[in-house]
Amino acid sequence: MSDFLQYLVAGLAVGCGFALLASGLVAVHRVTHVVNFAQGMFAVVAGLTAGSLLSAGLPHGAAELLAVLVAGAVGLLVGLIATGKPGTSAQSALIVTLGVGFVAYAVEIMIWGDNPRSHPGLRGSVQIADAYVQKQSFLVIGVTAVVFTLLGLFFTRTYLGKAFTACASNPYAARAVGIDVTRMGLIAFALGGMLGGAAGVLLTPLLPISYNSDVLLITSGFAAAILGGLTRPGLALVGALILGVAESMVAGYLDASYQTVVALLLMLAIMIWQASQRTSLTEEAAR
Amino acid sequence: MNESVLVLLLLSAIVVTGLSMLMGYAGQVSLGQASFTMIGAYTAALIATHGRPTWLGLLAAPFVATAAAALIGIPLLRLRGHRLAFATLAVQLVLLSVVGQQAWTGGDIGLQGIPLLNIGGYEFSGDRPYIYLALAALLLVVLITRNVVASRPGRGLRALATSEVAAESSGVPVATYKLVVFSLSAGFAGLAGGIYAFYIGYVSPGSFPVLLSFEYVVMVVVGGAGTIWGALAGATAITLLLQWLNDLGTREGMPASAPAVLSYAVYGVLLILVVLFLPRGLVPSATSWWARHVRWPRRRTSEPADTPSTAPKEMHYEPN
Amino acid sequence: MNVIEAEDLVVRYGTATALDRVGLRVAAGELVALIGPNGAGKSSLVNTVLGIVRPESGRVAVHGRAALVPEGRQLFGDLTVDDNLALGAWRRRRDSKARDTGKVYEVLPGLVRLRKRRAGSLSGGEQQMVAFGRALMADPDVVVVDELSLGLAPLVTADLAAQLRTLNAERGMAVLLIEQNARLALDLCSRGYVLEAGRIRAEGTAAELTASAEVADAYLGAVL
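Protein chains in written order, with my numbering: chain A, 491 to 777; chain B, -3 to 316; chain C, 89 to 312.
For the record, the hints were derived by calculation from the structure and aren't laboratory data.
Hints may contain errors.
Stated by the list, open to error - A short, non-exhaustive set of chain A residues, derived as facing chain C with CB atoms under 8 Å: (1) A563; (2) L567; (3) G651; (4) T655; (5) S659; (6) N660; (7) Y662; (8) A663; (9) A666; (10) V667; (11) G668.
Every residue gets a Cβ at the ideal spot worked out from N, C-alpha and C, and that includes glycine.
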């Protein structure tokens, strides 16, 4: 029982990190229809930046916040490159973000080298029943809850947030009322950068990262986001938590080396199931 | 040029010819093409290290890869666009992880001591025989691709790249064609993997990283998807560029990380520039430029209609 | 004074020419009809006037604010009616009072009971009303209505046309009405243009156009 609780909280924490990544993917995809392959890179950049800032003597909180802002700026830059040129198709933009990821590798290796790095988060653990749970896990869960609440309020309550939904819902009409859809896409990229960055600074104390951690991070984020068809952040959150807990349980009860395999197979199963649903729907519509 | 670079170049060209057909004609991006190189390489290695004839290993490599692709292609190819891209990437990550943990595949260490390839008593040793072998394989692959593209189904494929819906409504069996191209491109990768296994002498999960799959995509995009010459040019250009950057990075006075930094940076910048400014790739862009400015200097010709672009039409989201 | 002035507009998509040296003007407070068959380039003209499509050559000027009631309504289906209306004021977003949807409900009281509904769940006539209201939120000097009657029941169309006439009379708001139903358009408007294959074929007062044999033949059908 105590093992179970421990695995559950650890899984939820990792799942929350995936959820932040996934919500960044969703934010960008809703407005621009681009799947941003560089989403995992934002987490890597922020995680490594936070580590450097901490060792430069910046206090906790300030270092993490600054790192998230850096990731936001990187996000804006990625958006400019991937969608700045008019007429770039969504698939071309995906390949461009892949290219940006390579450039990021070069910069990251130059600055931080190619070994995995970590930085200290909240130290110590809490005892619940007879389980010991890392405090950092609770921090990740708490921050994610706050971020998702703020995001929800932003998208449903604010004028700018509604304009985002408008761009996703009907880009032509958005242009007709004067919304600059391209600029909104860039804001979405910056937001995606900050969300990925938040995932990075929160997860790095739990799982050391190196420049090429982005592939597993983006795949996990995509796996979570695809449950909501890359457009629904709520379902992405659910997907991310399932993914995190499933990975943690597999690692705990079976074998740690199979945890990513289980996550990836889950993603494949979801996508194939969705495709079969869609086919039968379109067949019905055609009748 | 270094002879071992030439072997690797030719092997890349074999894989890229298939991937280029998949991207250019079936309009689908595979981010996990190295899975099939790996399956081919392990097939050859397993057969050869279990005392079976090495030629059987080489022969089996493309067939096992084709069969594997056909099997996973049935569910996978119901996906398209970014979903298929991530699905193929996931397949490779699963494969890497599983192969890295099995005793019979040698785990993370892989399979060592693969005997030299022996066909009819002739033993392939050193670089030179493998250059000829890879060249022959490339020739075979190019011939098959040319025939497939020129055949009646091939013309259906061409319709597929422009619009899947239009192709389907005009009676092209879209799903079957996609599966055939996917399996065939996997078979090419498997063949390259088989030759690689005998040439290098060992295989391990580390020889087939996700980055290798990305590298194949870069080669296709840079050369120009859907054209054989584009595939060859892309593979050549990227291999030579990487080789040159590696030489540059390992010169005296350069930091230890210089080769990696240089190659990633140039790679990324090149990929971005080509996708944004030469979206059809180097070879199609160059040939249509040639046609416009050199061959018929006075007459303005429109773009050749038979070179499909990398991006399927339905993925465009700009309504105007 | 003109609220819309377009001269020599040329719009091409690839090799297809959508507009070929088209000129058009709408004076302040005027009701102008633009009629023509499908594919004549009417929507291209609308998109160019609204700045959604950039012309290859020619000049287009809007003096004051223009708002669009797009073809097929084009609402934000995932948002509520009230949010749809509020976003109509996007061009005036710095003015926080501009986002107040109250004044639209006064003009279109039929929308009040729908304010919390998802726009995507409404009927065609209701959606057209919301699209109308959303355009009004921009406090426009001219409203461009792209296909008022398309897909709507005749009674609903007549009701909307009456609303347009009232708005024009009471607020001096100019209207550019794009219609396939030429009879409706020429009844409502004082002046009109006929667009065919990307060119202006005829222009004049509604009376002149109605009297013209060609227009009557092609667009008004047999007059009983």
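Under 8 Å is the threshold here; is the Cβ of Y662 (chain A) close enough to any Cβ of chain C for the hint to stand? Constraint on Y662 (chain A) satisfied, holds at 6 Å.
Report holds or violated for the interface hint on T655 (chain A), using the least CB-CB distance to chain C and a cut-off of 8 Å. holds, 6 Å
Can V667 (chain A) be said to touch chain C, with a Cβ gap under 8 Å? holds, 5 Å
Holds or violated: is the Cβ of S659 (chain A) closer than 8 Å to a Cβ in chain C? holds, 4 Å
Given a cut of 8 Å on the nearest C-beta pair, is the interface hint for N660 (chain A) held or broken against chain C? Result: holds, 5 Å to nearest chain C Cβ.
Hint validation: G668 (chain A) versus chain C, beta carbon distance must be below 8 Å. Holds or violated? holds, 4 Å
Given A563 (chain A) as an interface hint, is its Cβ closer than 8 Å to any Cβ of chain C? Violated, because the Cβ-Cβ distance from A563 (chain A) to chain C comes to roughly 25 Å (cut-off 8 Å).
For the restraint on A663 (chain A), tell me whether the closest CB of chain C is nearer than 8 Å. holds, 4 Å
A666 (chain A) was flagged as interface toward chain C. Is the shortest Cβ-Cβ separation under 8 Å? At about 5 Å, which falls below the 8 Å cut-off, the nearest Cβ of chain C leaves the hint on A666 (chain A) intact, so it holds.
Using 8 Å as the Cβ threshold, decide whether G651 (chain A) counts as touching chain C. violated, 10 Å
Go through the hint on L567 (chain A) and say holds or violated, using the shortest Cβ distance to chain C against 8 Å. Status violated, d = 26 Å.
This entry does not satisfy hints 1, 2 and 3, going by the numbered hints stated previously.
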